[in-house]
Amino acid sequence: MQLVTELVEMARLDETRLDPTRDPVDLTGVVAEAAVRVETSDRHRLHLDLGAGPAPVLGDRGQLLRVFANIIDNAIKYSPSGGEIGVRMRRAGRQVAVDIRDQGLGIAPSDMDRLFTRFGRIVTAATEGIGGTGLGLYLCRELVRRLGGDVTATSVEGEGSTFTVQLPAAPAGARARLTS
Numbered sequence: 240m241q242l243v244t245e246l247v248e249m250a251r252l253d254e255t256r257l258d259p260t261r262d263p264v265d266l267t268g269v270v271a272e273a274a275v276r277v278e279t280s281d282r283h284r285l286h287l288d289l290g291a292g293p294a295p296v297l298g299d300r301g302q303l304l305r306v307f308a309n310i311i312d313n314a315i316k317y318s319p320s321g322g323e324i325g326v327r328m329r330r331a332g333r334q335v336a337v338d339i340r341d342q343g344l345g346i347a348p349s350d351m352d353r354l355f356t357r358f359g360r361i362v363t364a365a366t367e368g369i370g371g372t373g374l375g376l377y378l379c380r381e382l383v384r385r386l387g388g389d390v391t392a393t394s395v396e397g398e399g400s401t402f403t404v405q406l407p408a409a410p411a412g413a414r415a416r417l418t419s
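For the sequence shown, the numbering used here gives the first residue as 240, with consecutive numbering after it.
Read the hints as simulated data drawn from the structure, not as lab findings. Please note that a few of the clues may not be correct.
Using C-beta positions, here's what the derived DEER-type ranges look like [said to hold, decoys possible]:
id : residue 1 : residue 2 : range
1  : 350       : 290       : 28 to 34 Å
2  : 348       : 411       : 40 to 46 Å
3  : 352       : 278       : 26 to 32 Å
4  : 330       : 350       : 14 to 20 Å
5  : 276       : 398       : 24 to 30 Å
For every residue, glycine included, the Cβ atom is placed at its ideal position computed from N, Cα and C.
Produce the complete structure using the sequences and hints provided.
Structure, rendered in C-alpha cells:
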C-alpha cells in the first residue's frame, strides 16, 4: 500500500497537482506530532529539542507532517537497537531548520547522490531486510522545495546520518493567523 500511495504522490508532483498550500503553520507542533505518530519501541530513544515557543512557517500542515514522519521513521529504521534519534529545531534568520540525527549505519559517500532520487533506495548487506520503496526522501525533498525550502543530508558511514529540513519562516503578518 505504501508503494501505491508514493507512486500516486510522485505522479501528482510530476503534474504539479501536489502544490502545497501556504497557510501559517506552527512547525513546532507539526514536528512534535510527527514524532508521536512514528512508531518507536523501547529499542530506541527519541529526543526532541524544539526550542521555546512556536516556529511559524508557511506550508501545508498535512504534507509537512508526512515529511517529518517519513524522515524520523527512516532514522528509527536505520538505527541499531538502543540508538538515539535526536530532533532539534533551530531558527536562523529567516529560516527554520530541523535536524534529524541518528546513530545508524550511515551512508557511504558514493551513495549520497542517490539519496533524494526516484527509487534511490540504497541496499547493502546491512539494509536489505529493511523495507522501503526508495521514493520517500525524493517526495520529502520535492514537497519542501515547493515551499521554498530544502532537505539535505550529511553522513559518516558507520556513525549515522543527519537530515536537515530548512523552511522559510512565515512573515510577521502571517504569524497572527498561525495554526498548530
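Sort out which numbered hints this structure fails and list those numbers smallest first.
Hint 4 is the one this structure does not satisfy, whereas the remaining hints hold.
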